[in-house]
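For the record, the sequence lines run as chains A and B. So in our numbering the end of the first sequence lands on 435, straight run, no missing numbers. So in our numbering the end of the second sequence lands on 1143, straight run, no missing numbers.
Everything labelled a hint here was simulated from the structure, so no lab data went into it. Misleading hints may appear alongside valid ones.
[Unchecked claim] To be clear about the criterion: a stretch of chain A counts as covered by chain B if any three or more of its residues have a C-beta under 8 Å from a C-beta of chain B, and this derived list gives those stretches: (1) 385–395; (2) 404–415.
[Stated by the list, open to error] Once the Cα atoms are required to be at most 27 Å apart in a straight line, the calculated DSS-like pairs of lysine-lysine come out as: (3) K61/A with K84/A; (4) K323/A with K350/A; (5) K30/A with K222/A; (6) K323/A with K311/A; (7) K61/A with K226/A; (8) K84/A with K60/A; (9) K226/A with K7/A; (10) K1084/B with K415/A; (11) K1084/B with K384/A; (12) K45/A with K60/A; (13) K205/A with K226/A; (14) K1056/B with K311/A; (15) K311/A with K60/A; (16) K46/A with K24/A; (17) K323/A with K302/A; (18) K1054/B with K415/A; (19) K45/A with K30/A; (20) K415/A with K393/A; (21) K46/A with K61/A; (22) K207/A with K1069/B; (23) K46/A with K200/A; (24) K27/A with K1084/B; (25) K1069/B with K60/A; (26) K222/A with K46/A; (27) K1128/B with K1069/B; (28) K84/A with K1074/B; (29) K1128/B with K393/A.
Please read these numbers as outputs of a predicted model, since none were measured by experiment. Built from N, CA and C at the ideal position, the CB exists for glycine as well.
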Amino acid sequence: MSNYYQKEIETASREEILKIQNEKIVKQVKHVYENVPYYRNLMDKKGVKPEDIQSVDDIKKLPFLSKDDLREAYPYGLLGTDLKNCVRIQSTSGTTGKRVVAFYTQHDVDIWEECCARAIMAAGGTNEDVCQISYGYGLFTGGPGLNGGSHKVGCLTLPMSSGNTDRQLQFMMDLGATILCCTPSYAAYLGESLAERGYKPEDNKLKAGIFGAEPWTEEMRKSIEKSLGIKAYDIYGLTETSGPGVSFECEEQTGMHINEDHFYAEIIDPKTGEVLPEGTKGELVFTSLDKEGFPLLRYRTKDICILSRKKCSCGRTHVKMTKPLGRSDDMMIIRGVNVFPSQIEAVLLKEGYTPNYQIVVDRANNTDTFDIYVEFAPEQFSDKIADVQAREKALNAAMRSMLGIGPKIHLVAPKTITRSEGKAVRVIDKRKLHD
Amino acid sequence: MAITQLSAFLENTPGTLYQAVSTISDAGVNLRALSVADTSDFGILRVIVSDTEKTKAALSDVAVCTETKVIAAKMSDEAGALKKILAIIQETGVNIEYVYAFTSAVAGNAYVVLRVNDVESAEEVLAKAGIATLSDEDLEGLL
């Protein structure tokens, strides 16, 4: 018997869920059409009227939204209600150009936190638990989302935020944390740090971990479970749709249940945009069903995955998605941060370098390594090591301010970066994230 | 008088120094002095040669090069000689970025190469103290 936050809806029959979705989508489309001129234009261009959408089957008639639309409409273009009704923003990392600012009304915050509460209870959480939240707090959705979910469940919440490992471990041990929420790489790091301090996995009181915001493998799951003596659950979400909790794992650990009463999921062919049948691999597209502040219809996540309606032993009836199996664009997730090669190129040009570079991402000790090899121009060369190193340091700082994380910069001689078939290989990802 | 040093950027991998030195050798140029500064990623090869122009033309094909003015101060090949020179420089407040030394074929002659942040001031005080420094012309016939 599984542990539910909202058992009735989480285990509702397919018919009941469809009924809820059909009612909500009609209202949501009407709300967007009336309040979001940007999307109204897209619908008008496509010749779709709100009354054409009578059920979720009609969603395929609607135009897609992409990250480019979000960028174009920044900051208020996709706002779905008056700002006076909004109580919060959250934002993705990255440049102004790539940054996404999402707006939340109190209703939006509530449904988001409920989704997170479902995830925590699916991981066995109750009001007797001590929930340590070591995701970053602030603009990043990880900390605030799980924090709200933990409150809703009634856990004693430890709002640790990320970093300061000594303090993390002290609170974990002294206050007997039973659930840990953070990125999988940080969980692995905490596990190692405990071992280094002489603790055995059974010395802590943790029973479960809810890990997300970056890709991780089954192998990594096993290693974290062993080092912390817990069961590790995956959680998925993106700022555009609210944050973590769009989908989450149950004890079966065979995919993440999408909260279908709030989000309608489609899988499309990333090239043609055609909707693909269930069980086919393709790009995940979300339509919010009851959001006010930042409602997005047919938002292309660029994450490649597969949906499954196979009956789940946990009793939940909501559709399950696999972990993202890849991306349909060139975005990388490094230490939980979204990184686009175009951002790196922009920094290089701004700092006076040629856009000849190579990004190498790998994983050492369960943490992503991030190196950028950059060709310097002959006139940038100096006979002093200190000058070259100062250039590397300055470039690291510029990258850090743009990306939110600092890569190790390696200046290399002009024309030395490997080019294959005349075209430079920009990204080498050695992490083997997808099984 | 300051002299011209050539510096080349070399990747820190096997064979790069060999390639650079072979190029200089193939150009028929004699190395007067050499130093390599290294990091885990790269090294900077610095050379003083008999023919800077010729060397630069050849070396540019295999590595990024740059010319730098450095001071080569003559010292007697005996204990305390370098100390004397450094003491003079120190008094002026000129900063030394790096330093290396070489000896000449003439017994008892040695030179210290100084890369400083203010070549003019360093030259001036050395000249005042009666310490000889090499010029580019000297390099051609240096024994």
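Violating hint indices (sorted, rising): 3, 4, 5, 7, 8, 9, 10, 14, 22, 23, 24, 25, 26, 28 and 29
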